[in-house]
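2 protein chains.
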Amino acid sequence: MEALEAILTRRSIRKYSEAPVGDEVVTELLRAAMAAPSAGNQQPWHFIVVRDRELLEGIASFHPYGAMARKAAVAIVVCADLKLEQRPGFWVQDCSAATENLLLAAHAKGLGAVWLGIHPRPERIEATRKLFLLPEHVVPLAIVPIGHPAENPGPVDRYDPRRVHADRW
Amino acid sequence: MEALEAILTRRSIRKYSEAPVGDEVVTELLRAAMAAPSAGNQQPWHFIVVRDRELLEGIASFHPYGAMARKAAVAIVVCADLKLEQRPGFWVQDCSAATENLLLAAHAKGLGAVWLGIHPRPERIEATRKLFLLPEHVVPLAIVPIGHPAENPGPVDRYDPRRVHADRW
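Protein chains in written order, with the numbering used here: chain A, 151 to 319; chain B, 151 to 319.
Just so you know, these hints were derived from the structure itself, not from any lab. Do not rely on the hints blindly, as some may be mistaken.
Remember, identical chains collapse to one label, so a pair may be satisfied in a single copy or spanning two.
Claimed, not checked - Keeping only pairs whose Cα atoms sit at most 25 Å apart, straight-line, the calculated SDA-like set for lysine to any residue is:
(1) K280 with D202
(2) K259 with D310
(3) K221 with R318
(4) K221 with R274
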């Protein structure tokens with residue numbers, strides 16, 4: 151799939167078939183995530199690949215918009231190790247760019263995925279920490295359930311010229 | 151360019167030729183940026199397309215890593231209007247996903263670009279506010295200088311298996 155097409159046709163996919171998602175594909179998605187730019191190239195990210203059904207159920211149980219995790223083939227928890235930050239305060243941007251790469255790569259591979267926000271909600275951070283045994287210096291940014299799409303919402307054009315300014319606000 | 155290839159071969163480009171970048175291409179880049187996912191689909195972003203040479207010089211003058219803006223054909227300031235936030239606290243992630251889309255689209259179009267971090271550094275936020283006359287409820291996340299590449303650093307593989315965990319930390 152062409153890069154522009156992938157960017158413009160990606161949608162949040164919340165329904166999945168039961169088809170499996172292999173480890174090789176997951177590695178491709180993680181390679182895409184880790185290709186993201188980061189402040190000072192600090193790459194503060196860590197990724198937890200979740201296949202355990204009880205853990206996927208756990209995501210669905212605590213996250214207010216996470217019910218689809220029950221049916222996902224796999225979910226990826228995107229975290230930052232704050233000890234890896236050389237440019238303090240930029241980890242959210244770094245891990246967000248990695249998450250967007252992950253979503254685009256999943257779409258380009260014919261998979262469906264959705265970005266479940268964790269940070270900055272304290273109760274979601276705490277629940278994710280407990281479920282995945284994260285140490286204190288590791289902060290979860292997002293969880294991305296992934297599977298073969300069982301819905302096709304089609305592309306939308308979100309371009310809005312009112313959001314574009316020339317030279318000054 | 152294929153989506154995975156675009157993701158894996160994108161690099162920060164800080165040297166540009168004098169070739170112009172047309173308005174149609176800039177609109178394509180902004181369409182890609184606005185195709186990003188956002189929390190609750192709130193799309194809190196605004197974009198300032200900077201072509202004025204004095205303003206590009208202004209970016210180079212205040213930003214510690216922004217010297218390349220002097221030679222850029224155009225720069226895009228990515229901001230959030232906090233009044234548009236329906237899910238408070240998620241604007242950094244939303245605007246970061248939009249910025250990553252912008253960088254990938256630029257690369258896919260044969261252009262070079264680089265992510266200059268503004269938020270959360272107070273002095274960079276203040277300088278950007280003054281330069282572009284941003285109202286108080288608008289926060290700049292990043293500035294992206296763009297031009298035709300005059301350097302080709304080549305791809306790097308940042309994949310690191312030590313950053314991948316199975317099911318738990």
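Tested hints:
In the homo-oligomer, the alpha carbons of K280 and D202 lie at most 25 Å apart inside one protomer (15 Å), although the nearest pairing across protomers, at 51 Å, exceeds that limit. Proximity of K259 to D310 under the C-alpha cut-off of 25 Å is restricted to the inter-copy arrangement: shortest distance 21 Å between copies versus 28 Å within a copy. Taking the closest pair of Cα atoms, K221 and R318 come within 25 Å of each other only across two copies (19 Å); inside a single copy the shortest separation is 47 Å, beyond that limit. For a Cα distance limit of 25 Å, the shortest separation of K221 from R274 inside one copy, 20 Å, qualifies, whereas the shortest one across copies, 44 Å, does not.
When held up to the earlier numbered hints, the structure conflicts with none and fits them all.
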